[in-house]
Amino acid sequence: MAVYDDGAQPFSQRATSLVNYAGAACSLALMVGIGFWGYELIKRDVSGIPVVRAVEGDMRVAPDNPGGEVAAHTGLAVNAVAAEGEAAGFEDTLLLAPRTQQLAEEDLAVQPTAEAGEVAPVEDDTAAVEVSLTETLPEEQAPMSADEILALADRLATGVEPIDAPVEPEVAAAEEAVPAEPEVEVIAASVPGVSTSLRPFVRPVSLSVPVSASAQVDEAVAAALASASANTGPNNSEVSVLATELPVGTKLVQLGAFPTPQDAAEVWANLQGRFGDYLVSKERVIQVAERGSSTFYRLRAMGFDDLTDARRFCAALEAGNAECIPVVIR
10 MAVYDDGAQP FSQRATSLVN YAGAACSLAL MVGIGFWGYE LIKRDVSGIP VVRAVEGDMR
70 VAPDNPGGEV AAHTGLAVNA VAAEGEAAGF EDTLLLAPRT QQLAEEDLAV QPTAEAGEVA
130 PVEDDTAAVE VSLTETLPEE QAPMSADEIL ALADRLATGV EPIDAPVEPE VAAAEEAVPA
190 EPEVEVIAAS VPGVSTSLRP FVRPVSLSVP VSASAQVDEA VAAALASASA NTGPNNSEVS
250 VLATELPVGT KLVQLGAFPT PQDAAEVWAN LQGRFGDYLV SKERVIQVAE RGSSTFYRLR
310 AMGFDDLTDA RRFCAALEAG NAECIPVVIR
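For the sequence shown, my numbering assigns the number 10 to the initial residue and increments by one for each residue that follows.
Just so you know, these hints were derived from the structure itself, not from any lab.
Accuracy of the hints is not assured; some may be wrong.
[As the list claims (entries may be wrong)] For each label pair, taking beta carbons as the anchor points, the in silico distance ranges come out as:
no.: 1; residue 1: E157; residue 2: V90; range: 53 to 59 Å
no.: 2; residue 1: R321; residue 2: L251; range: 23 to 29 Å
no.: 3; residue 1: E327; residue 2: S302; range: 30 to 36 Å
no.: 4; residue 1: L50; residue 2: V28; range: 30 to 36 Å
no.: 5; residue 1: A91; residue 2: A113; range: 48 to 54 Å
no.: 6; residue 1: G258; residue 2: R321; range: 15 to 21 Å
no.: 7; residue 1: V257; residue 2: D156; range: 41 to 47 Å
Beta carbons: idealized from backbone N, C-alpha and C, even for Gly.
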């Protein structure tokens, strides 16, 4: 009777030996490869061999015949010393450079300049004045000369609305509000308690207007109004007009241009009422000027130490919405 064994059959001795030899060979080859790789790294670092070796030869080579045409005004042809090593000879023919392109007629419009004998200092406000003049001119008008532009500026100045009359300070109302002596109210003797009581002041004493100061203000306003009425007459002879030329270097400020000297005197009186503190040491100057067929009168103020003083004066007037331009006589 046959007997069967259910257990696994053992591998043969030959197959087991082959597997062991193959594993040992792989391990040995790996160890040899790692050793050789490490040796190469050490050898390269010690010998100083670069990792990236430069390519031999030129990186870029110009062609012998690139083609095209070399212009005479480019490259080394411009400088014969750099191209040939020595100076070039004289040229047989010389040609002048072409003329520059001329501006068109509309681009040759004359810009406004200072009047002959006077120099107006450059200020930031001149740009705004020029912009306003260019906005008022019609587009189809032909280019204007310097005299025509100055005449137009003076005509524009004459059409400006007159300065408002000075407002009289309410000094009388302040004096009425603060009585010199407090009113005393007497209580009848039949009423018990305090018989006499003082009424408190209407406003603090520190805010009251002194009588002497209010009188001075009234006198200044009255003097300004009197000078205004005296300078506004029917004839031109009642207003003094400067006929002589001022000395060179005189510092002035121009307050406007007007068709008649009476208008200039009225504006001066109004300015005295508004800016009396600034015009105390200043002298009124009215000069006659002509532009073409029109005659006008310039209102100016004189009495400044230097141009900086005139600019400070104009800054104070411009803060009060008054026209003022510093001018130096040349």
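Status of each hint after checking the structure:
For the hinted restraint 53 to 59 Å between E157 and V90, the CB-CB distance of approximately 57 Å keeps it satisfied. A beta carbon spacing of about 24 Å between R321 and L251 agrees with the range 23 to 29 Å that was offered as a hint. Distance hint check for E327 and S302: the Cβ-Cβ separation is about 32 Å, which falls inside the suggested range of 30 to 36 Å. For L50 paired with V28, a C-beta distance near 34 Å keeps the hint of 30 to 36 Å intact.
For A91 and A113, the hinted distance range of 48 to 54 Å is not satisfied, since their beta carbons lie about 42 Å from each other. A C-beta distance of roughly 19 Å is found between G258 and R321, which places it inside the suggested range of 15 to 21 Å. Restraint check, V257 to D156: a C-beta distance of roughly 22 Å breaks the suggested window 41 to 47 Å.
Going through the hint list in order, the structure does not satisfy hints 5, 7.
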